[in-house]
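Chains as they are written, first to last, in the working numbering: chain A, 1 to 364; chain B, 1 to 300.
Check before you lean on any hint, since a few could be wrong.
[Unchecked claim] DEER-style ranges, computed between Cβ atoms:
#1 A:I358 x B:W9: 27 to 35 Å
#2 B:D2 x A:G41: 16 to 24 Å
#3 A:N73 x B:Y237: 48 to 56 Å
#4 A:I358 x B:Q135: 24 to 32 Å
#5 A:D270 x B:P51: 57 to 65 Å
[Stated by the list, open to error] Not the full set, but computed from the structure, chain A residues with beta-carbon under 10 Å of chain B:
#6 G33
#7 W64
#8 G68
#9 N147
[Unchecked claim] EDC-like cross-link-like pairs, simulated, lysine to aspartate or glutamate; straight-line CA separation at most 20 Å:
#10 A:K234 x A:D207
#11 A:K155 x B:D157
#12 A:K155 x B:D2
Quick caveat, the hints were computed from the structure, so don't treat them as lab data. The model shown is predicted, which means the values in this text are computed figures rather than measured ones. For every residue, glycine included, the Cβ atom is placed at its ideal position computed from N, Cα and C.
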Amino acid sequence: MTHRPRLVLLSVMAIGLLSLAAIACGKTAKPSGWAPPAIEGDLLLVPYKDKFYALDPQTLQDKWLFPGPQDKNVKPSALYGSLAGSGSSIYVPAYNGNLYSVATDTGKASDAPFSTGQAIVGGVVVDGGTLYFGSSDGYLYAVDASNLQQRWKFKTDNEIWSTPAVSRGTVYVTSLDGKLYAVDANTGQLQWSYETAAGVASPPVLDEAAGLIYIAGLDSRLRAIDMNNIHEQKWEQAADNWFWTTPLVSNGVVFAGSLDGKVYAVRVADGQSPWQRPFPASSPVRAAPVLANGKLIVADRGGHVYSLSPDDGTQAPAIDLVVGGSILADPLVLPNGNVLIVTTGGNMVQIDPATMTIVSQRQL
Amino acid sequence: MDLFQIIGWLWSHGLVIPMTNFMVLVARLSFGNFGMAVIIFTLLTRALTWPLTRQQLQASRKMQEIQPKVQALQKTHKDPRRRSEETMKLYKEAGVSPLGCVWPMLVQFPIWIALYQSIRFTLGATPENLIDLSQRLYPWSFLRTAVPLDKHFLWLDLGKPDSTLIMAVLVGASAWIQQKMTTPMSASQDPQQKQMNQTMLIMMPLMFAMFTLQFPSGLALYWLATNVVSIVLQYFYMGRKFEFKQLFTLAPAPAPAAKQSEPEPARKPVKQEAPQEEAEPVGAEPERRRRRRRRGRRRR
Numbered sequence: 001m002t003h004r005p006r007l008v009l010l011s012v013m014a015i016g017l018l019s020l021a022a023i024a025c026g027k028t029a030k031p032s033g034w035a036p037p038a039i040e041g042d043l044l045l046v047p048y049k050d051k052f053y054a055l056d057p058q059t060l061q062d063k064w065l066f067p068g069p070q071d072k073n074v075k076p077s078a079l080y081g082s083l084a085g086s087g088s089s090i091y092v093p094a095y096n097g098n099l100y101s102v103a104t105d106t107g108k109a110s111d112a113p114f115s116t117g118q119a120i121v122g123g124v125v126v127d128g129g130t131l132y133f134g135s136s137d138g139y140l141y142a143v144d145a146s147n148l149q150q151r152w153k154f155k156t157d158n159e160i161w162s163t164p165a166v167s168r169g170t171v172y173v174t175s176l177d178g179k180l181y182a183v184d185a186n187t188g189q190l191q192w193s194y195e196t197a198a199g200v201a202s203p204p205v206l207d208e209a210a211g212l213i214y215i216a217g218l219d220s221r222l223r224a225i226d227m228n229n230i231h232e233q234k235w236e237q238a239a240d241n242w243f244w245t246t247p248l249v250s251n252g253v254v255f256a257g258s259l260d261g262k263v264y265a266v267r268v269a270d271g272q273s274p275w276q277r278p279f280p281a282s283s284p285v286r287a288a289p290v291l292a293n294g295k296l297i298v299a300d301r302g303g304h305v306y307s308l309s310p311d312d313g314t315q316a317p318a319i320d321l322v323v324g325g326s327i328l329a330d331p332l333v334l335p336n337g338n339v340l341i342v343t344t345g346g347n348m349v350q351i352d353p354a355t356m357t358i359v360s361q362r363q364l
Numbered sequence: 001m002d003l004f005q006i007i008g009w010l011w012s013h014g015l016v017i018p019m020t021n022f023m024v025l026v027a028r029l030s031f032g033n034f035g036m037a038v039i040i041f042t043l044l045t046r047a048l049t050w051p052l053t054r055q056q057l058q059a060s061r062k063m064q065e066i067q068p069k070v071q072a073l074q075k076t077h078k079d080p081r082r083r084s085e086e087t088m089k090l091y092k093e094a095g096v097s098p099l100g101c102v103w104p105m106l107v108q109f110p111i112w113i114a115l116y117q118s119i120r121f122t123l124g125a126t127p128e129n130l131i132d133l134s135q136r137l138y139p140w141s142f143l144r145t146a147v148p149l150d151k152h153f154l155w156l157d158l159g160k161p162d163s164t165l166i167m168a169v170l171v172g173a174s175a176w177i178q179q180k181m182t183t184p185m186s187a188s189q190d191p192q193q194k195q196m197n198q199t200m201l202i203m204m205p206l207m208f209a210m211f212t213l214q215f216p217s218g219l220a221l222y223w224l225a226t227n228v229v230s231i232v233l234q235y236f237y238m239g240r241k242f243e244f245k246q247l248f249t250l251a252p253a254p255a256p257a258a259k260q261s262e263p264e265p266a267r268k269p270v271k272q273e274a275p276q277e278e279a280e281p282v283g284a285e286p287e288r289r290r291r292r293r294r295r296g297r298r299r300r
């Protein structure tokens with residue numbers, strides 16, 4: 001081969017390699033979404049990517065789909081945050097920065113969504129006719145549920161990726177600035193805040209009986225914060241990687257999975273673990289644990305589902321149930337006692353927690 | 001574990017993950033600003049790969065210096081094989097390898113791709129990306145608590161494409177300048193070569209400008225920083241001989257060496273060759289003679 005064709009070949013190869021590298025490595029990642037399924041009234045809402053299905057909770061038969069054919073211009077991009085229902089509407093926080101109000105009977109969106117301009121990753125809560133949610137623009141919003149008009153907004157120092165919690169006239173929200181904020185629900189004025197060592201992407205979980213707020217953060221700590229008086233940390237549980245989950249409180253114990261692939265249990269009273277050691281899952285745990293049939297059901301990113309004894313963290317029955325696909329969305333306990341899991345690939349699986357067997361599955 | 005898995009593991013754990021962690025470390029030291037981290041990291045990487053870059057620039061400079069001789073050979077020899085042989089002889093005598101400026105670039109290529117991937121991982125553009133990042137960070141609190149990084153830099157959200165077109169223009173323009181400066185066979189009279197150079201001159205900047213419109217602007221910032229560093233290195237290392245007015249022409253820039261010295265006449269052995277004979281491909285001459293004889297017989 002003479003040197004000229006070789007140079008031509010090398011040039012073409014260089015351009016080709018550059019193109020391939022750019023396409024393979026650099027393409028903007030597409031958000032998939034991990035909004036959890038929920039039951040609102042007589043509807044089972046099952047989000048998947050940029051849409052959600054409204055099903056009959058008993059029969060799992062389809063009622064309608066959002067966005068449906070009547071909402072051709074609605075493009076939510078992806079759904080991460082939990083949906084909330086109130087009266088005749090379902091409120092849908094979307095990754096495109098909009099909060100949609102959807103009619104429960106038809107699945108049609110209201111004409112004008114509330115727009116924040118930045119991605120909404122956290123969920124929405126409804127309290128007293130007001131919707132509370134955070135956005136990646138760093139604001140906590142309070143919006144009138146009836147007309148989607150803003151009542152107030154509160155600025156944090158970074159994006160908000162978590163769902164707020166409301167109790168006794170106070171909205172609690174965490175932010176990627178690493179703080180837990182307590183904000184007056186009526187005025188949007190800051191009441192107090194607590195700062196951790198890194199961003200917090202998990203929602204605050206209120207335990208009013210114990211007077212504690214649990215926050216699980218990217219500083220790999222699960223913390224209990226006094227919510228009534230001194231607003232200081234009562235205890236903390238360290239993990240080997242970030243916490244990015246919603247902790248579950250039951251019978252005086254807090255359960256939380258971590259991205260280190262372990263599930264931790266901590267006693268509310270003293271911050272000690274009732275288990276000999278954390279339960280080792282096979283991959284990171286982002287989905288929140290649920291209690292079903294007296295068992296702690298845990299799902300990991302690798303698609304493994306475990307049934308644990310809440311008392312000692314042992315696996316029972318000792319079956320590593322593997323559903324097809326990765327699990328990032330929180331599971332849901334159905335009215336019939338079964339556990340509903342939706343994988344990132346859209347596999348909707350119904351599991352019997354007593355036998356840890358798959359009762360039904362459907363590709364969304 | 002098969003060979004591909006081993007290569008994949010080495011690629012990931014030997015290059016991409018260390019780079020990703022280093023990027024987060026630099027970002028943490030830059031007060032969490034990812035934009036500053038990209039620029040600092042690009043400069044550091046270029047400094048580390050300087051020996052390879054220097055080798056590439058040296059080879060490129062030598063190639064440009066002997067361009068007049070190469071052109072003279074191309075004019076003199078019509079037979080591609082002979083021309084190639086003579087050119088290779090010339091390269092050998094000058095101590096230049098035609099691939100000398102390509103191999104160092106190819107060696108750096110995996111480093112660029114790894115850097116590229118590490119920027120993408122570190123960006124954490126979507127929540128899923130951030131979970132991926134959590135699995136790639138070393139278990140050091142200083143690194144783990146640095147995330148998520150501040151993705152805002154100047155007017156850019158580094159996790160999203162720049163909607164203002166400014167970055168696309170900057171990346172395209174810098175790629176154009178760099179391409180202009182590094183086109184080695186610039187003054188070649190060979191139409192095929194010239195066409196290829198012109199195509200690359202237009203296509204590469206356009207391609208990167210198009211990528212900039214689609215990819216996170218953090219990557220565009222990396223391309224821009226890399227291009228600017230390359231332009232500066234090229235300009236100073238090649239002896240500041242580049243004329244900036246050449247940027248506004250479509251034709252490739254003339255080689256600096258070509259301007260300083262007149263093209264030398266063909267080398268001695270060339271003078272002894274019969275041009276017409278030389279142009280004939282091997283095996284074609286007897287056939288043509290036979291045809292001429294046949295035509296002559298018919299006329300008679």
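Structure versus earlier hints - violations, ascending order
Checked against the structure, the hints that fail are numbers 2, 7, 8, 9 and 12, while the rest are satisfied.
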